Structure formats: C-alpha cells, structure tokens
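*Asks:* From just these sequences and the hints, can you work out the full model?
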Amino acid sequence: MSGSVDELTEFALHHLVARSDGLRRLPRDLVAFRPDCAPLELVLALSLAASSLESSFSGEADQAAAAEAWRLAALLAVDLHMMQHLNLRHVCAADYLAYWRGHDPYFLG
Numbered sequence: 001m002s003g004s005v006d007e008l009t010e011f012a013l014h015h016l017v018a019r020s021d022g023l024r025r026l027p028r029d030l031v032a033f034r035p036d037c038a039p040l041e042l043v044l045a046l047s048l049a050a051s052s053l054e055s056s057f058s059g060e061a062d063q064a065a066a067a068e069a070w071r072l073a074a075l076l077a078v079d080l081h082m083m084q085h086l087n088l089r090h091v092c093a094a095d096y097l098a099y100w101r102g103h104d105p106y107f108l109g
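The numbering of the sequence shown is full-length UniProt numbering, which starts it at 1 and goes up by one.
Treat the hints as calculated values from the structure; they're not laboratory data. Since the structure is predicted, the reported quantities are computational estimates derived from the model, not experimental observations. All C-beta atoms, glycine included, are put in the ideal place defined by N, C-alpha and C. Misleading hints may appear alongside valid ones.
Beta-carbon label-pair distances, calculated as ranges [as the list claims (entries may be wrong)]:
(1) Leu86 - Pro35: 17 to 23 angstroms
(2) Gly102 - Val17: 31 to 37 angstroms
(3) Leu108 - Leu40: 18 to 24 angstroms
(4) Ala64 - Tyr106: 18 to 24 angstroms
(5) Asp29 - Gly3: 29 to 35 angstroms
(6) Glu54 - Pro105: 27 to 33 angstroms
(7) Gly102 - Arg71: 21 to 27 angstroms
(8) Glu60 - His14: 17 to 23 angstroms
*Replies:* As structure tokens, then:
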C-alpha cells in the first residue's frame with residue numbers, strides 16, 4: 001500500500017472517530033488533504049478505515065461510523081463512475097470538486 005493511501009486512511013480514521021456532527025464533509029476534507037492522489041485512493045482509504053473500525057472497535061458509535069464510511073466510499077465510487085460516463089476529467093482527487101460543483105453538490109453541503 002502506498003504512503004498516500006496510508007495517510008488518507010489515518011486521516012479518515014481520525015475524522016471518523018472524532019466527529020459527532022456527521023461525516024458528509026469527510027470526502028471533501030480528504031480531497032483537500034490530498035488533491036493530487038488518484039480518485040480511487042479515496043475510495044480505498046475510506047474502505048480500509050471502515051474495515052479497521054469494524055474489526056477494532058466494538059462501540060455502537062464506532063460501528064455507525066464504519067457503516068457511514070462504507071456508504072461514503074460507495075458514493076465516491078459512483079461519483080467516479082459518473083465522471084467517467086460523462087467524459088469529465090477524473091485523473092486526481094481534486095477532479096471530484098468540479099463534478100460536485102457541476103453535477104452533484106452533496107459533499108459540498
């Protein structure tokens with residue numbers, strides 16, 4: 001696993017266990033943290049963070065955060081698919097921002 005994915009996973013884990021205000025902004029925060037990484041690295045990092053929470057923490061809040069991380073990973077994968085389908089740029093994580101601004105502002109709210 002690359003250092004970038006490790007850093008993204010740690011970043012996601014920190015936010016997943018520390019936030020109580022919802023996690024909808026986490027993908028946007030990940031893009032801001034590593035705008036130059038490959039888009040699927042965000043999906044992988046969220047998946048690894050979710051898996052880690054599921055296997056390492058047993059509290060109800062941690063399990064809920066894990067479920068939300070899986071959902072966010074799935075939504076990012078769908079966004080990437082739509083970017084490809086619409087022939088939009090999808091080379092780096094920062095490209096999600098243009099898609100969100102023009103097509104699906106969910107993570108910008």
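*Asks:* Does 18 to 24 angstroms hold as the CB distance between Leu108 and Leu40, or does it fail?
*Replies:* Holds: the Cβ-Cβ distance is about 20 angstroms, inside 18 to 24 angstroms.
*Asks:* Holds or violated: the 27 to 33 angstroms window for the beta-carbon distance between Glu54 and Pro105?
*Replies:* 29 angstroms, holds
*Asks:* I want to verify a distance hint. Is the separation of the beta carbons of Asp29 and Gly3 within 29 to 35 angstroms?
*Replies:* Since the Cβ atoms of Asp29 and Gly3 sit about 19 angstroms apart, the hinted range of 29 to 35 angstroms is violated.
*Asks:* Go ahead and decide if the range 18 to 24 angstroms is satisfied by the Cβ distance of Ala64 to Tyr106.
*Replies:* 19 angstroms, holds
*Asks:* Falls inside 17 to 23 angstroms, the C-beta gap from Leu86 to Pro35?
*Replies:* 20 angstroms, holds
*Asks:* Does the Cβ-Cβ separation between Gly102 and Val17 fall within 31 to 37 angstroms?
*Replies:* Hint holds: Cβ distance 33 angstroms, inside 31 to 37 angstroms.
*Asks:* Looking only at beta-carbon atoms, does the pair Glu60, His14 fall within the given range of 17 to 23 angstroms?
*Replies:* Holds: the Cβ-Cβ distance is about 19 angstroms, inside 17 to 23 angstroms.
*Asks:* Against the range 21 to 27 angstroms, how does the distance between the Cβ atoms of Gly102 and Arg71 compare: consistent or not?
*Replies:* 23 angstroms, holds
The structure fails hint 5 only (numbered hints given earlier).
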